[in-house]
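A.B. asks: With the hints as a guide, bring both chains together as one complex.
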Amino acid sequence: MKKTALTDDILLSIEKPARYIGNEVNMTVKNPADVDIRFCMCFPDVYEVGMSHLGIQILYDMLNRFDDVYCERVYSPWIDLDKIMREKDIPLFALESQDMIKDFDFLGITLQYEMCYTNILQILDLSQIPLLSTDRTNEHPIVIGGGPCVYNPEPIADFFDLLYIGEGETVFRELLLAYKENKKAGGSRRRFLELAAEIEGIYVPIFYDVSYNLDETIADFKPNNNHAKPIIRKQVELNLSNTYYPEKPLVPYIQAVQDRVVLEIQRGCIRGCRFCQAGMIYRPVRERSIEFLKETAKKMLDNTGYDEISLSSLSSSDYSALKELVYYLIDEYKSQGVNISLPSLRIDAFALDVMSKVQDIRKSSLTFAPEAGSQRLRDVINKGLSEEMILKGANDAFLSGWNKVKLYFMLGLPTESYEDIEEIAILSDKIARLFYEIPKQDRNGKVSIVSSTSFFVPKPFTPFQWTRMNTKGEYKQKQRFLSEKIKTQLNKKSIKYNWHDSETAELEGVLARGDRRLSVVIIDAYKNGSIFDAWGEHFNYNAWMKAFEKHSIDIEFYNGRERDKDEILPWDFIDTGVTKQFLWKEYENAKNEVVTLNCRQKCSGCGAAIFNGGVCNSVKD
Amino acid sequence: MNARIKFSKYGVLKFVGHLDFMRYFQKAVRRAGIDVTYTEGFSPHQVMSFAMPLSLGATSDGEYMDTELNSNYEEQDILKLFNDVMSEGVEVTRFIKLPDWEMNKKKCTAMSLVSAADYKASFKTNAIIDANEFKKEFIAFMNKESILIQKKTKKGEAEIDIRPYIYEYSFLSDEFAKKTNRTTLQMKEAELHADEYNSTSVYLRLSAGSAVNIKPELVLKSFFECLNKQFNEHAVQIHRMELYKNADDGTNELIPLFSIF
Chain A
0 MKKTALTDDI
10 LLSIEKPARY
20 IGNEVNMTVK
30 NPADVDIRFC
40 MCFPDVYEVG
50 MSHLGIQILY
60 DMLNRFDDVY
70 CERVYSPWID
80 LDKIMREKDI
90 PLFALESQDM
100 IKDFDFLGIT
110 LQYEMCYTNI
120 LQILDLSQIP
130 LLSTDRTNEH
140 PIVIGGGPCV
150 YNPEPIADFF
160 DLLYIGEGET
170 VFRELLLAYK
180 ENKKAGGSRR
190 RFLELAAEIE
200 GIYVPIFYDV
210 SYNLDETIAD
220 FKPNNNHAKP
230 IIRKQVELNL
240 SNTYYPEKPL
250 VPYIQAVQDR
260 VVLEIQRGCI
270 RGCRFCQAGM
280 IYRPVRERSI
290 EFLKETAKKM
300 LDNTGYDEIS
310 LSSLSSSDYS
320 ALKELVYYLI
330 DEYKSQGVNI
340 SLPSLRIDAF
350 ALDVMSKVQD
360 IRKSSLTFAP
370 EAGSQRLRDV
380 INKGLSEEMI
390 LKGANDAFLS
400 GWNKVKLYFM
410 LGLPTESYED
420 IEEIAILSDK
430 IARLFYEIPK
440 QDRNGKVSIV
450 SSTSFFVPKP
460 FTPFQWTRMN
470 TKGEYKQKQR
480 FLSEKIKTQL
490 NKKSIKYNWH
500 DSETAELEGV
510 LARGDRRLSV
520 VIIDAYKNGS
530 IFDAWGEHFN
540 YNAWMKAFEK
550 HSIDIEFYNG
560 RERDKDEILP
570 WDFIDTGVTK
580 QFLWKEYENA
590 KNEVVTLNCR
600 QKCSGCGAAI
610 FNGGVCNSVK
620 D
Chain B
0 MNARIKFSKY
10 GVLKFVGHLD
20 FMRYFQKAVR
30 RAGIDVTYTE
40 GFSPHQVMSF
50 AMPLSLGATS
60 DGEYMDTELN
70 SNYEEQDILK
80 LFNDVMSEGV
90 EVTRFIKLPD
100 WEMNKKKCTA
110 MSLVSAADYK
120 ASFKTNAIID
130 ANEFKKEFIA
140 FMNKESILIQ
150 KKTKKGEAEI
160 DIRPYIYEYS
170 FLSDEFAKKT
180 NRTTLQMKEA
190 ELHADEYNST
200 SVYLRLSAGS
210 AVNIKPELVL
220 KSFFECLNKQ
230 FNEHAVQIHR
240 MELYKNADDG
250 TNELIPLFSI
260 F
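Sequence lines, in order, name chains A and B. According to numbering that gives the first Met the number 0, the stretch in the first sequence is residues 0 to 620, in order. According to numbering that gives the first Met the number 0, the stretch in the second sequence is residues 0 to 260, in order.
It should be emphasised that the hints constitute simulated quantities derived from the structure, not laboratory data. Take these hints with a grain of salt, some might be off.
Capping the alpha-carbon separation at 27 Å, the derived lysine-lysine pairs in DSSO-like fashion look like this [unchecked claim]: (1) B:Lys26 with A:Lys293; (2) A:Lys87 with B:Lys228; (3) B:Lys214 with B:Lys153; (4) B:Lys228 with A:Lys298; (5) B:Lys79 with A:Lys247; (6) A:Lys297 with B:Lys26; (7) B:Lys123 with A:Lys82; (8) A:Lys298 with B:Lys123; (9) B:Lys26 with A:Lys333; (10) A:Lys297 with B:Lys153; (11) A:Lys391 with A:Lys492; (12) A:Lys362 with B:Lys26; (13) A:Lys333 with A:Lys293; (14) B:Lys106 with A:Lys247; (15) B:Lys187 with A:Lys2; (16) B:Lys106 with B:Lys135; (17) B:Lys104 with B:Lys123; (18) A:Lys471 with A:Lys362; (19) A:Lys356 with B:Lys26; (20) A:Lys475 with A:Lys429; (21) A:Lys29 with B:Lys228; (22) A:Lys101 with A:Lys182; (23) A:Lys29 with B:Lys79; (24) A:Lys545 with A:Lys492.
Isolated chain B, as found in the complex (with noise of 0.2 Å):
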């Protein structure tokens, strides 16, 4: 049976990085006695794939992993298999069995399916730049017809225009849950395990995947780099609140993840 694991990373766990994160999940499922498959050959290992890397750093509320199971469970039993053998910092939020028709599709691994993704980035302390002026800027700075960067590519560095790939942002909670239709409970869930700072902070919710993907780091590094002003990674919190695909239907509808129907 294929599988699709939703859980937040979050605390000091944002210090292990994605290869060690996935050996630490592992080692989980065997804590655990989870009856997951494994590859054939001389050195067998677990069939499982994370949607998309974290930067170390980054908290999240919104991961993903598919696997595949020999054994039938159901949610609420394969949640509390997870969450008693791990460490504070990570949490198992939702597991979704994965019909035979959705694995039947040309694109059925969320890593191949992720699109769009979520996020909140705060601001540590207020010392790197006043709210006020942030907001003020960053309005700005979002209302420009065009943020160039450079990329660099298998030919060298090419230029590309970013601001088609910030879909949405805004600085408050409750409007950027109107601006992209997720529910006040949604979001609750999408921000649980975010750190709490005492200054400002802005969503985004920017295209992700193989296709395009924009980290919220580089749309912050642009826009200080428009102010003329350095930006320092470190001083921002960047917590992922949720991942998305395109729906089935052809439109460019956004859902989570999570969602097969």
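Isolated chain A, as found in the complex (with noise of 0.2 Å):
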């Protein structure tokens, strides 16, 4: 039998041991001993979360086509076998050779949300590697990290030897010839670090010092070597329809939160919504031809075996061939019982059309993303979502059968008023009066409206990176007020109302825009037994407080400022194309309840045409 790392009791005295054993469909076996670099792939949280994550699949593949480079895969051990691993010093180990981490090339961690922080030190530990980059030595592998985390790293940068800011598909190669180079040539740890940091889009944390002021906020950033440059340029893939994409991705044998198979549409959003971190880091958005979907979308059907197959992206309804993409998929695939499914979509008549196709109306819920109750406040955050569209497409749904809305809101948003958030109480009321407007025989059932807040989180290279973030008690009290609101609506009995953990959003607040300072309350929130924090079930707020408290760090000085337009703000040394000046005029813009055209309607000169790709070449002005 082949090897496994665990014993057979191990695995068969805790939860899922499928998690543990590799061997999947597609997993590429190669001989160890016939590569030069021997890379881990690692996505910081259980299995069956990892696994869902298109990234690691991309990285996967186009790192296994390097005939020199043999890349696995690691994913957190759940609770249960973390205490075992402990408890009998069983070091972490990657799936595919199930061979101990600590002895790879290269350890990669995508950093994909700041709750799963706590479990990089969970791996880092498991697999004996010191949680520190400057403790490290040639002994042990390089830990790199990569993912939209990068966009602030600062609060983890100690834990990594090298971050790798922006798209994946670029310069991955010349880093692996830089360290097969280094290591021929018999160079040392740091003199690989000094050759990955001229390469563009490598940031090398330990190259560069931070200097406070008396109120704490940074006086200065630069570097201590002359190998790293002041500002690093994010890293972006302009071609999306003739590069890296797999066309075997793996197939886990146990259910992973997606469990079908992902097709990336395009990368980036033309919309620009205030809030949102991805529509910027992102920019230029780049669409994929539509022959590339429909023969990878193919190969990939045909190599999993998947019943499913979903159009990734942020905003589906944007994308320009959109209909032809949907209608070739449900005609060929359809007959052959694959689902289509197409998050992302605006609702209008053509999504109407294709969902009906779809879906069993019977059971799926029709979903809208307002954020905002008001128009008002629709406009500040720059969503382009009038009542007037949400009205006609539920009604328009209503009346082809659906009869279930879930509603997504944010509560805490700049400028916001408690009229705004009463505004989302009625406009989810609104909805349920359209559907009861409609006569008997022409709709189905009972609506069910589900009504959600999240509690909004400042992200950095957005308009609202100097924004003040709402306490945690004020996010207490504005959710009782609306819950109070909901249930004076005349159709209340049709209105759910789900809301999120403010302990959770305030934690994440001050991870998403902190500083180097924070490292050591991760560590200590670790030690204090925090993994998993981005489940509910497992979040110890109080490991965490205790862990601020120790080191004096207040919480309200990353969450409660309204910062300076001048203030040098942790990650200014990354340039993502979109200027500071921009991001500053666009919150500007919010405050004045002033509306920004999209990329397609009118360029508004953020910077990213830099890239010189994407929409921004394809817009006349």
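C.D. replies: Here is the structure:
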């Protein structure tokens, strides 16, 4: 039998042992002795979550196409195995070979959300790799991070040797070649880091020093090594129709959260909603060609056997050939029993037509994301969705047989008043009233509206990066207020209200806009037992609060301050194309309730045109 | 066309539970491009049913699945189609078309037909029990008039005697083959993917299926209880060797599930 790092006894005593055995369909098998570089790619959450992530599939496929590299994977051991591994001193291993990660050349960790930061430490700790970059020697793998959180990596910078800013398809090859050459020349770890620092998009935290003013804001952030650049420009893959994409994605044995083929149809977004970090950091929007998508869809379905395919992007309605692509997929695959899933779709006639063909109307719900209850506040956040559009969309859907609606909102947006919050309840009720205005024979059963609010967390590289965040107490108060308002609505029985946890939001806020002084807090929270913070049942707020207190770090400094225009922000050293001046202008537009048109309607000169690709080149002024 | 497929499940696949395994098979059918029939309705699924779930942790060379196909296939073609797309740990070994007269019987699905199963239970180490002591005590255990266990029923708990449902046992492959009318080749195929351990094993033929299903773990648990010893289920590797049904001729003869004559 193929060897497993864990004994039968251990595997049979834990939940879902299939998380740790590898051997999945389409897993790459190479002989480690035949390659020059052993790379271990990590998603720091449990297997089912990690296996749903497209980014790792893309990188895994790309790296394994290189003959001199063997890329394997690892995910956070669940709580039950974590305990056993510590008790029995079992080092963390990669799934493919079941070999110990500490013997690899690289450990790559993807950073998708702030609440996984303690899991980064779990991975390093269980792998027996020192938590701090400064403590690592030639014996240890190079620890590299990537993903959206690298756009403010400062709170976790101390844990990484390298951070890859931007899209992974571009400079990995160069980085690995530098590593190989350095190894061949007998160069030191430090020497490799210096070579890496010269590659565009690579950030080497130890080559920068931060100093602080008396008021705790950043005084200075600059390189301490000649090889490091003062500004690091993100990497952008301009040709998405001719680049790495997995034709044979890994298929897990157990159900992943995303249990389907995922086809990324475009990257970036034209809308410019002001709270949205993804919309800003993935500019300029770039589409994949429809021929590429059709071909890739076929290969992925044939090679996996999945019975569902999902089109993934930030705003799928804006993909220019969406109609053609969707109808093609339906015609080609529906008869084979393959379902098409279309999240992120604006609700209009086309969407309703498509959805009626691919979904069971009786069971599925229609989703709107107004984000704010009043038009005023929607203008502030530049969410171009009017009440008229929502009501029309809902009305058409009700006439077609739908009776379930989901509405997503945020509480705590800048300039928000209690009137704005009350509008959430009123809008939810308006939609219910609309349903009951339709004659009984033309509508289907009873309407069910689920309105949910998350708590707004200001993010780096958005126009709201300077804004004050509500406190946890304010959030709770607002949520209670809204709850009461919904109970006073006419159709209160048709409306269910869900809200998120304010303590998680508070922590996310600190980590999102934090600086290097937070790394000791993260370490202490971890040592206090925090892992799987993204999981409600495991999030331990007190462990974090103790850690903040121990280091006398004030949460309000990060969350509660309205920043000055000229304050040096921890992430200013990164160049995403979009300029700080543009973001500030957008912030002022927000405060003045002025709407900014989308990229296709009018170019607003955000700065992403510097990449000379995507929508920037196709818009004629 | 209705068909019955025999397959083996072994290696790390023993850690994949039954439901997940069914989903795995459904995807394999799609990858192989096998023309399986789908049910009608809004969310169609493949017409596929498994004879008997295998416990998590067990391996097998005697698993069965019934399915319905729209096209005609020959055994060697189907075997190749399946095995080319399966990972290490699953192998399709037999494919047999089920004629209409078989399908028209009152009980025709593999699930409803199963009446007995052969198992090999191997101790992973000698630490649990010494080989000779085990043989001696197990023979004594089998010689008892009755073996009583507590079983949960709808009305509460009931005591049942499982001894009559332990049809045959042996510590040696050849001896078990003789006792159960199997050829050496059949035994070899039935144990092909069983993991090898340097300690003792026992072969068991037990009643199985929807009427009375006796798991080998239950037999061993009762055995250790008789000795007043703790039984760690993980210390034993269970390997299912074959599934049987009763012959049509009214005798109690047991024949493997893929035999239709």
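A.B. asks: For the pair supplied as a hint, lysine 475 of chain A and lysine 429 of chain A, is the alpha-carbon distance within the 27 Å limit?
C.D. replies: holds, 25 Å
A.B. asks: Need the status of pair lysine 29 of chain A, lysine 79 of chain B: alpha-carbon distance at most 27 Å?
C.D. replies: holds, 24 Å
A.B. asks: Would the pair lysine 297 of chain A and lysine 26 of chain B pass a check requiring their Cα atoms to be no farther apart than 27 Å?
C.D. replies: Holds. Lysine 297 of chain A to lysine 26 of chain B sits at ~15 Å (cutoff 27 Å).
A.B. asks: Given the hinted pair lysine 26 of chain B and lysine 333 of chain A, is their Cα-Cα distance within 27 Å?
C.D. replies: holds, 16 Å
A.B. asks: Tell me if the straight-line CA distance from lysine 471 of chain A to lysine 362 of chain A falls inside 27 Å.
C.D. replies: With Cα atoms ~35 Å apart, lysine 471 of chain A and lysine 362 of chain A exceed 27 Å; violated.
A.B. asks: Does the alpha-carbon distance linking lysine 362 of chain A and lysine 26 of chain B stay inside the 27 Å limit?
C.D. replies: Holds, at roughly 24 Å.
A.B. asks: Can the restraint linking lysine 298 of chain A and lysine 123 of chain B be considered satisfied, given a maximum Cα separation of 27 Å?
C.D. replies: Outside the cut-off at roughly 43 Å; violated.
A.B. asks: With the threshold set at 27 Å, check whether the alpha-carbon distance from lysine 104 of chain B to lysine 123 of chain B stays at or below it.
C.D. replies: violated, 43 Å
A.B. asks: For lysine 29 of chain A and lysine 228 of chain B, compute the direct alpha-carbon distance and say whether it is at most 27 Å.
C.D. replies: Between lysine 29 of chain A and lysine 228 of chain B the Cα gap is close to 46 Å, so the pair fails against 27 Å, i.e. violated.
A.B. asks: Would the hint linking lysine 356 of chain A and lysine 26 of chain B be met if the CA-CA limit is 27 Å?
C.D. replies: holds, 23 Å
A.B. asks: What's the verdict on lysine 106 of chain B and lysine 135 of chain B, does the C-alpha distance respect the 27 Å limit or exceed it?
C.D. replies: violated, 41 Å
A.B. asks: Would the hint linking lysine 87 of chain A and lysine 228 of chain B be met if the CA-CA limit is 27 Å?
C.D. replies: It holds: about 26 Å lies between the C-alpha atoms, which stays within 27 Å.
The structure shown violates the earlier hints numbered 4, 8, 10, 14, 16, 17, 18, 21 and 24.
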